[in-house]
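> Turn these sequences into a full structure, and let the hints steer you where they fit.
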Amino acid sequence: MATLFLPVAHPQVSLWRQGRRRLHGLPSCQFRHAGRVQSSYRGLEALYDDGYGTVKDLDYFYQALGQLVEHDSGPPCWLCPVDAGSTVEDAPLMLYLPGVDGMGMGLCMHHKALGRIFELRCLHIPFHDRTPFEELVTMVEDVVRAEHSTSPNRPIYLLGNSFGGCLALAVAARNPRIDLILVLVNPATSFERSEIKKLLSVFSPLSNNACIAMTALLNYNIDNEVNMALSRMQSGQHPLEALIRLTSNMSTSLKHTNILDKLPKDTLKWKLKLMKRAAQYANCRLQSVTAEVLLLASCDDNLLPSKSEAYRLQNKIPKSKIFFFEKHGHSLLLEHGVHVSSIIKCAGLYRHSRRYHRVFDYIPPSTTELKEVDKASIDLLFRTCPAMFSTLEDGTVVRGLAGVPEDGPVLLVGNHMLLGIELISLAAEFMRHKKAVVRGIAHPLLFPKKTKTWSEGHDFFDFLNLWGGVPMTYKYIYELLATGEFVLLYPGGYREALHCKGEEHRIFWPEQTEFVRMAAQCNATIVPFGVVGEDDLVNLLCTFDNIRSTPFGKEIMRAYSKHLNLRDAKHEVIFPGVCMKIPGRFYYRFGKPIPMRGRQDVLTDRRAATVLYAHIKSEVKGIISYLLEKREEDEYRKISRRLMFMASQGFNTQVPSFDP
Numbered sequence: 001m002a003t004l005f006l007p008v009a010h011p012q013v014s015l016w017r018q019g020r021r022r023l024h025g026l027p028s029c030q031f032r033h034a035g036r037v038q039s040s041y042r043g044l045e046a047l048y049d050d051g052y053g054t055v056k057d058l059d060y061f062y063q064a065l066g067q068l069v070e071h072d073s074g075p076p077c078w079l080c081p082v083d084a085g086s087t088v089e090d091a092p093l094m095l096y097l098p099g100v101d102g103m104g105m106g107l108c109m110h111h112k113a114l115g116r117i118f119e120l121r122c123l124h125i126p127f128h129d130r131t132p133f134e135e136l137v138t139m140v141e142d143v144v145r146a147e148h149s150t151s152p153n154r155p156i157y158l159l160g161n162s163f164g165g166c167l168a169l170a171v172a173a174r175n176p177r178i179d180l181i182l183v184l185v186n187p188a189t190s191f192e193r194s195e196i197k198k199l200l201s202v203f204s205p206l207s208n209n210a211c212i213a214m215t216a217l218l219n220y221n222i223d224n225e226v227n228m229a230l231s232r233m234q235s236g237q238h239p240l241e242a243l244i245r246l247t248s249n250m251s252t253s254l255k256h257t258n259i260l261d262k263l264p265k266d267t268l269k270w271k272l273k274l275m276k277r278a279a280q281y282a283n284c285r286l287q288s289v290t291a292e293v294l295l296l297a298s299c300d301d302n303l304l305p306s307k308s309e310a311y312r313l314q315n316k317i318p319k320s321k322i323f324f325f326e327k328h329g330h331s332l333l334l335e336h337g338v339h340v341s342s343i344i345k346c347a348g349l350y351r352h353s354r355r356y357h358r359v360f361d362y363i364p365p366s367t368t369e370l371k372e373v374d375k376a377s378i379d380l381l382f383r384t385c386p387a388m389f390s391t392l393e394d395g396t397v398v399r400g401l402a403g404v405p406e407d408g409p410v411l412l413v414g415n416h417m418l419l420g421i422e423l424i425s426l427a428a429e430f431m432r433h434k435k436a437v438v439r440g441i442a443h444p445l446l447f448p449k450k451t452k453t454w455s456e457g458h459d460f461f462d463f464l465n466l467w468g469g470v471p472m473t474y475k476y477i478y479e480l481l482a483t484g485e486f487v488l489l490y491p492g493g494y495r496e497a498l499h500c501k502g503e504e505h506r507i508f509w510p511e512q513t514e515f516v517r518m519a520a521q522c523n524a525t526i527v528p529f530g531v532v533g534e535d536d537l538v539n540l541l542c543t544f545d546n547i548r549s550t551p552f553g554k555e556i557m558r559a560y561s562k563h564l565n566l567r568d569a570k571h572e573v574i575f576p577g578v579c580m581k582i583p584g585r586f587y588y589r590f591g592k593p594i595p596m597r598g599r600q601d602v603l604t605d606r607r608a609a610t611v612l613y614a615h616i617k618s619e620v621k622g623i624i625s626y627l628l629e630k631r632e633e634d635e636y637r638k639i640s641r642r643l644m645f646m647a648s649q650g651f652n653t654q655v656p657s658f659d660p
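Heads up: the sequence shown begins at 1 in UniProt numbering, then just goes up one per residue.
Derived from the structure by calculation, the hints contain no laboratory data.
A couple of the hints might just be wrong.
Said to hold, decoys possible - Computed cross-link-like contacts, DSSO-like style, restricted to lysine-lysine with a CA-CA straight-line distance of at most 27 Å:
| hint | residue 1 | residue 2 |
| --- | --- | --- |
| 1 | 307 | 273 |
| 2 | 621 | 581 |
| 3 | 434 | 307 |
Structure below.
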């Protein structure tokens, strides 16, 4: 089938034109001469605007729908959203395959977020069109094969919504040798078991428009509208304004039912036939799907049994993951709080070649993702109120991060507190004040292959992925430093993060000096740092001797250490157990930067490397002692004093600390 282009008057939609624009030049994450600045990731800055929240209601969607219905004619075509903004260099292609309504504008709330990291095209099927399902499959397949022939090593993403999910599965089943990644939103493969099919058959004597209107009302998610109104109030909007917006959105969805009068009379009959054929076609070919599949399933879907269908598809498709959305309905892509681009990044599915690489395929956090992390960690931040200090080149200690270099490569080397609870505050502070992504080096255990996730906000594992964490290998450290990154390294590793009672604020560093030599090889700057305060948050319950002396204590510790797959079997660890206490405060201090440019002696002389390693270790110990001593001078160390200050000065005001 020939692909024609639709002349759309709506200002936010333009046509995809042949000879697509390609950006030239080396991506910024390739290896560069050490010492060069890592300012962006494939042309994308940290805290970039992803556009989430700019489309605040459905009026935008219904306006586009009305214009498309009124002026729609011709066969299916591809649309390219112009509101997506500039795309990253060498961006992979994403094809949006709409629901049975065929609306190419069904992705309007995600245009900018997805358009920044993908080359986005949206399939549009006019309401008057009667193209059979098999021909729609061929149409999408032609684009996929043409793209694959041009860039055989680059993945192609198919984002299928409901009916579009069947279309995506059909294309994937017919092209197992092409590198496809499928994102399926409430796929309609469960249509034969759905309540909506039974309901429409009962009400078939009614007019087509009445049945379509009834389906639209069932699809309307009042809970999501209420949650959106509550979110506006939490962000500072007056309750009355939020209530007006809530009622406006509800009335808008009903007001635009006059669109139904413009639809052909056989629309419902044709759509049901198309949906039925799509579900049958896709279900018969599931065993042929070899692509990676991400299933986004709404638990409160009134049209399809999306939750149970996600489980069924996962059992049928080997390389599949599920992301469940509680309190969300069928039209997931048009609901508040759904960030598809973030989910793709958290799932580790965003890549530019056949293999996912944690360094070269990384995309930095957006403004929305920083807000989500803040939301998830707000309780910890409120309890600990981190105070950060840094050291200038002349040795002066100042409040804030002014003493930390502005440009990479920078290697931050310091101590862990219990379970690494200092990590989130540290990374968020660098992001806010330096717009620098701190790439943490972590134990491989912290990068599990999750197959199911629930939409209760980002967990710690998602945080590691969003902030560019990588498993502990020297290869990753070298690649990060070589590309000019800020790298966070804890030489004490799990031994410090899982210490027991009596070991607070102690460091347990190995004898290896590889990170010092690597920093010299990449002309990096080493910044030693220390952090204290866990003893102001929790009381540890057990020492190692307490655990070993209990019946089967040694065996339990050995089994726990084996389960963690620890690299050093000589030091067995176990979570010591904690009880909360009235919180105090976390204190960070970054020491005087140590430039490694020109330190060839560290590369050629093992003794020089050992001496520098011992110096850095001594610096970290000295910083910890400094913070433990100086925090006694902080009159706002207790949470009661901080609450009094924030009540009088405002909760967004920086709470004072000791005089450095």
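> Take the hints in turn and mark each one as holding or not.
Taking the hints in turn, this is what the structure says about them:
no.: 1; hint: 307 with 273; result: holds (24 Å)
no.: 2; hint: 621 with 581; result: holds (26 Å)
no.: 3; hint: 434 with 307; result: violated (42 Å)
Checked against the numbered hints listed earlier, the structure breaks hint 3 alone; every other hint is satisfied.
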